[in-house]
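K.L.:
Make a model of the complete structure from these sequences and hints.
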Amino acid sequence: MNIVAVGLSHRTAPVELRERFAVTEARLPEALAQLKRWPGIREGIILSTCNRVELYAVVQDTAMGLESLSEYLVTLAAAVGSGPLEPHLYRLDGADAVKHLFRVTASLDSMVIGEPQILGQVKEAFEAALLEKSTGVVLNKVVKKAISVGKRVRAETGIAEHAVSVSYAAVELAKKIFQNLAEKTVLLVGAGEMGKLAARHLISAGVGRVLIANRNYDRALDVAKRFKALPVPFAVFREEMAGADIVVCATAADSFVIGPDDVRKALHVRQNRPMFLIDIADPRNIDPTVGALDNAYLYNIDDLQGHVDLNIEQRLREALTAEDMVRAEVPAMVAWMKSLEVVPTIMALRRRAEAIQRVEIERVLAKMGALSPRQRELVEELAAAMTNKLLHSPLIALKAEAESPNGSLFAETTQRLFDLEKELQRLPDVPSSESAHRG
Amino acid sequence: MNVVFFEITLLLYFLSTTLFLIQLSGWWEKGAQASFAVAGAGFLCHTLALVSRMVEAGHIPLTSMHEALSFFSWALVLVFLVIELRYQVHILGSFILPLAFISLISSAAFPREIKAFGNVWIHVTFSLLGTVAFALAFIVGVMYLIQEHMLKSKHLDGLYHRLPSLDLLDELNGKAISMGFPLLTLGIITGALFAEFARGSFLNWNAEQIGALGTWLFYLIVLLGRVTVGWRAKKAAYLTVVGFAGVVFTLVGVMLKGQNPFT
Chain A
935 MNIVAVGLSH RTAPVELRER FAVTEARLPE ALAQLKRWPG IREGIILSTC
985 NRVELYAVVQ DTAMGLESLS EYLVTLAAAV GSGPLEPHLY RLDGADAVKH
1035 LFRVTASLDS MVIGEPQILG QVKEAFEAAL LEKSTGVVLN KVVKKAISVG
1085 KRVRAETGIA EHAVSVSYAA VELAKKIFQN LAEKTVLLVG AGEMGKLAAR
1135 HLISAGVGRV LIANRNYDRA LDVAKRFKAL PVPFAVFREE MAGADIVVCA
1185 TAADSFVIGP DDVRKALHVR QNRPMFLIDI ADPRNIDPTV GALDNAYLYN
1235 IDDLQGHVDL NIEQRLREAL TAEDMVRAEV PAMVAWMKSL EVVPTIMALR
1285 RRAEAIQRVE IERVLAKMGA LSPRQRELVE ELAAAMTNKL LHSPLIALKA
1335 EAESPNGSLF AETTQRLFDL EKELQRLPDV PSSESAHRG
Chain B
283 MNVVFFEITL LLYFLSTTLF LIQLSGWWEK GAQASFAVAG AGFLCHTLAL
333 VSRMVEAGHI PLTSMHEALS FFSWALVLVF LVIELRYQVH ILGSFILPLA
383 FISLISSAAF PREIKAFGNV WIHVTFSLLG TVAFALAFIV GVMYLIQEHM
433 LKSKHLDGLY HRLPSLDLLD ELNGKAISMG FPLLTLGIIT GALFAEFARG
483 SFLNWNAEQI GALGTWLFYL IVLLGRVTVG WRAKKAAYLT VVGFAGVVFT
533 LVGVMLKGQN PFT
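Chains as they are written, first to last, in my numbering: chain A, 935 to 1373; chain B, 283 to 545.
Misleading hints may appear alongside valid ones.
[Said to hold, decoys possible] Computed footprint of chain A on chain B; a stretch qualifies when at least three of its residues, placed anywhere within it, have a C-beta under 8 Å from a C-beta of chain A:
1. 350-357
2. 407-417
3. 515-522
[Claimed, not checked] Computed cross-link-like contacts, SDA-like style, restricted to lysine to any residue with a CA-CA straight-line distance of at most 25 Å:
4. A/Lys1109 x B/Gly456
5. B/Lys436 x A/Tyr1102
6. B/Lys312 x A/Glu1090
7. B/Lys516 x A/Gln1113
8. B/Lys434 x A/Ile1246
9. B/Lys434 x A/Ala1089
10. B/Lys516 x A/Thr1223
11. A/Lys1109 x B/Gln315
12. B/Lys436 x A/Asn1322
13. B/Lys434 x A/Arg1086
14. A/Lys1109 x B/Lys434
15. B/Lys436 x A/Lys1057
16. A/Lys1078 x A/Glu959
17. B/Lys457 x A/Asn1206
18. B/Lys434 x A/Lys1078
19. A/Lys1109 x B/His431
20. B/Lys434 x A/Leu1227
21. B/Lys436 x A/Ser1004
22. B/Lys434 x A/Phe1190
23. B/Lys436 x A/Ile1137
24. A/Lys1057 x A/Ser1004
25. A/Lys1199 x B/Tyr520
26. B/Lys434 x A/Gln1248
27. B/Lys312 x A/Thr946
28. A/Lys1109 x B/Lys457
29. A/Lys1199 x B/Thr510
30. A/Lys1199 x B/Trp309
31. B/Lys312 x A/Ala1089
32. B/Lys312 x A/Phe1190
33. B/Lys312 x A/Ile1137
34. B/Lys434 x A/Lys1057
What the hints contain is simulated information worked out from the structure, not anything from laboratory work.
Glycine included, every Cβ here is placed at the ideal spot set by N, Cα and C.
P.N.:
Okay, structure coming up:
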């Protein structure tokens, strides 16, 4: 028995290819049901996000399992594309597969390290699998562990700290200047894509009032409607600046739209209240000398990008700690999986011994004729004592080797020596984790 | 008994100061609750020290430099605990606790048993509480100037992350001044009344009286400036940092004399 993984991600495949394999939420239950029935697959789970499609499964034979799982992945493709798929796939098994799942869940394999979505996506994939009953003892434990390791990494390292996108960096800065964004007003000058993105971030951060000025007034009206904002005619936006705590400038103009005099006038009316000016236009829209004015905080796109780059570097440093945390959790999980392998053997051995004992007692008692209840009891005790004593050492050895690399060898040897094939077939497919501990 | 409590307090404030300074350097970001808890424990112990001293001495313990500095330190920590619970400005502890500790250890350096001031505790209480408010204004002013420098120079690391927003620091500054000013006013009025009672004259133009009046006038202007023409933000931060120099000057004047200013 082993855990295997097959998948493709942003590291190995371009987005066009990933898209073909993506399993939508609506399709997921059916795909899981199919995976569960797929030959050689005992347990399975599907993790499909916009950056990766990964299948994890528990199989009896590693090589055959990987082959089978790859074949299943191919069936997921929405359309047959050109070119070989092979170079874009990765196949992992055992400790590597477990470690990969842990790293993915801890957001260490993400495009933006530390991004928060993946943990939720793994949780959703797991819930869907639970609903379809496509997972069992092994994957349940491994995925739960992955989620808890992911949470711990987020809580105990700085991997998810600080803004790593320009828009979010602007929001973070706004929160260091203003305490309560709900009382603040944003003036968006220029309703281009970048400006809208920044405005959207500020609005979701709770900014109270939004004004939008655009050279094309119809467009300002249109965007204002979507953002529940107030349109301002472009010709008079400078008069609104005094009332704006945050000014986002993102027009397509190739010269300065806001100069030091405009800001000075606004600051005068504002009576020393700070003003945050964000220039995300290229070329710049706000005269850089504005930054020298007291209580005016001017950041352009390069400043924000520089800040973001620093934060990314910091995340990468934190990721090293996170990698250690993840790596430390893998061996225990692998050892637990190994210990599961000997459990069926132990159970089969016990059953076989009990069966022989029962048959032999019946045979002997039939020959002995009338016995007192006490005498019958003694015969039964004798047989039980002999089998128990004989089995004691092999059972101890099996349990002791269960978590070692020799575990499966011991299990196979025991099966051969005691001829346990038939007993094993009669056992339920997967032992419960409780029996693993009792065994 | 009050001496035992006093010494435990000294130890706890020292420990808390150390923890808060470690926090400031950013080495131990998870230690926020621990440093707050130690400061809280120190404050409780300090309260017990003040109460037991009052019971044992049989008078309000504000009659000597020793007692005044101890009370000053106690009020500072109280202000920190209240602000921390209300605004979660944890880094404030890294500024206030060292000041509270220095004040308490200075208190220990003064003789414990001398009743130097006579029974003028009303005047001392108002003056000290006013000083606590101005000290707070000074501290948040310094924090404002640091944060504003970080934002202006675009150096967005280290302290930038730990300091709160400019808005909040300015709000605390305004609140501190508008509480400190009436307290100082009451301190000066009661002081003048006691001077009249002790000496028969409201004013005799000694250094600390001039200092106190100068400080009062300064903060009056700062306060009026904020309310009328919007002297807030960076301007207010600068003014309160400068104004605190006047407060310290007056305090040092009293401390150097080390005795009853009314004789």
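K.L.:
The structure should be examined with respect to each hint, and the outcome stated for every one.
P.N.:
Hints and how they fare:
1. Residue count for the region 350-357 of chain B with a Cβ under 8 Å from a Cβ of chain A: 0. That is fewer than the three needed, and the coverage hint is violated.
2. Against chain A, the region 407-417 of chain B contributes 0 residues with a C-beta closer than 8 Å to a partner C-beta. That does not satisfy the three-residue criterion, and the hint is violated.
3. With 4 residues carrying a beta carbon less than 8 Å from a beta carbon of chain A, the region 515-522 of chain B meets the three-residue requirement, and the given coverage holds.
4. Note on lysine 1109 of chain A and glycine 456 of chain B: the hinted pairing holds, with a Cα-Cα distance of about 20 Å set against a maximum of 25 Å.
5. Our distance criterion of 25 Å between C-alpha atoms is met by lysine 436 of chain B and tyrosine 1102 of chain A, whose separation comes to about 16 Å.
6. At most 25 Å may separate the alpha-carbon atoms for a hinted pair to count; lysine 312 of chain B and glutamate 1090 of chain A meet this at roughly 9 Å.
7. Between lysine 516 of chain B and glutamine 1113 of chain A, the direct Cα distance comes to roughly 16 Å. Compliance with the 25 Å bound is thereby established for this hinted pair.
8. Between lysine 434 of chain B and isoleucine 1246 of chain A, the direct Cα distance comes to roughly 22 Å. Compliance with the 25 Å bound is thereby established for this hinted pair.
9. For the hint linking lysine 434 of chain B to alanine 1089 of chain A, the alpha-carbon distance of about 31 Å lies beyond 25 Å, and the restraint is violated.
10. Taking the CA atoms of lysine 516 of chain B and threonine 1223 of chain A, the gap is about 19 Å. The hint holds against a cut of 25 Å.
11. For the hint pairing lysine 1109 of chain A with glutamine 315 of chain B, the CA-to-CA distance comes to about 23 Å; that is within 25 Å, so the pair holds.
12. Between lysine 436 of chain B and asparagine 1322 of chain A the alpha-carbon distance is near 76 Å, which puts this suggested pair outside the 25 Å criterion.
13. Distance restraint check for lysine 434 of chain B and arginine 1086 of chain A: the Cα-Cα separation of roughly 36 Å exceeds the 25 Å cut-off, and the hinted pair is therefore not satisfied.
14. For the suggested pair lysine 1109 of chain A and lysine 434 of chain B, the alpha carbons sit about 15 Å apart, so the restraint of at most 25 Å is met.
15. Restraint check for lysine 436 of chain B and lysine 1057 of chain A: not satisfied, since their Cα atoms lie roughly 39 Å apart, outside the 25 Å limit.
16. About 20 Å separates the Cα atoms of lysine 1078 of chain A and glutamate 959 of chain A, which keeps this hinted pair within 25 Å; it holds.
17. The hinted pair formed by lysine 457 of chain B and asparagine 1206 of chain A meets the criterion: a straight-line CA distance of about 17 Å does not exceed 25 Å.
18. Using a Cα cut-off of 25 Å, the hinted pair lysine 434 of chain B and lysine 1078 of chain A is violated, with the two alpha carbons roughly 46 Å apart.
19. The suggested pairing of lysine 1109 of chain A with histidine 431 of chain B holds, with an alpha-carbon distance near 16 Å, which does not exceed 25 Å.
20. Taking the CA atoms of lysine 434 of chain B and leucine 1227 of chain A, the gap is about 10 Å. The hint holds against a cut of 25 Å.
21. Between lysine 436 of chain B and serine 1004 of chain A, the direct Cα distance comes to roughly 51 Å. Violation of the 25 Å bound is thereby established for this hinted pair.
22. Between lysine 434 of chain B and phenylalanine 1190 of chain A, the direct Cα distance comes to roughly 21 Å. Compliance with the 25 Å bound is thereby established for this hinted pair.
23. In summary, the hint linking lysine 436 of chain B to isoleucine 1137 of chain A is supported, as the alpha carbons are separated by about 24 Å, within the 25 Å threshold.
24. Taken as a hint, the lysine 1057 of chain A and serine 1004 of chain A pair is honoured in the structure, with Cα atoms around 23 Å apart against an allowance of 25 Å.
25. Simply put, lysine 1199 of chain A and tyrosine 520 of chain B have alpha-carbon atoms about 23 Å apart, close enough for the 25 Å limit, and the pair holds.
26. The hinted pair formed by lysine 434 of chain B and glutamine 1248 of chain A meets the criterion: a straight-line CA distance of about 22 Å does not exceed 25 Å.
27. For the hint linking lysine 312 of chain B to threonine 946 of chain A, the alpha-carbon distance of about 38 Å lies beyond 25 Å, and the restraint is violated.
28. Between lysine 1109 of chain A and lysine 457 of chain B, the direct Cα distance comes to roughly 21 Å. Compliance with the 25 Å bound is thereby established for this hinted pair.
29. A distance of roughly 19 Å separates the Cα atoms of lysine 1199 of chain A and threonine 510 of chain B; the hinted pair therefore holds under the 25 Å criterion.
30. Our distance criterion of 25 Å between C-alpha atoms is broken by lysine 1199 of chain A and tryptophan 309 of chain B, whose separation comes to about 43 Å.
31. With a C-alpha separation of about 11 Å, the suggested pair lysine 312 of chain B and alanine 1089 of chain A falls inside the 25 Å cut-off, and the hint holds.
32. For a cut-off of 25 Å, the pair hint linking lysine 312 of chain B to phenylalanine 1190 of chain A is broken: about 45 Å separates their Cα positions.
33. Annotation: proposed proximity of lysine 312 of chain B to isoleucine 1137 of chain A is violated, straight-line Cα distance about 31 Å (limit 25 Å).
34. Proposed proximity of lysine 434 of chain B and lysine 1057 of chain A is contradicted: the alpha carbons are some 42 Å apart, above 25 Å.
The earlier numbered hints that this structure contradicts are 1, 2, 9, 12, 13, 15, 18, 21, 27, 30, 32, 33 and 34.
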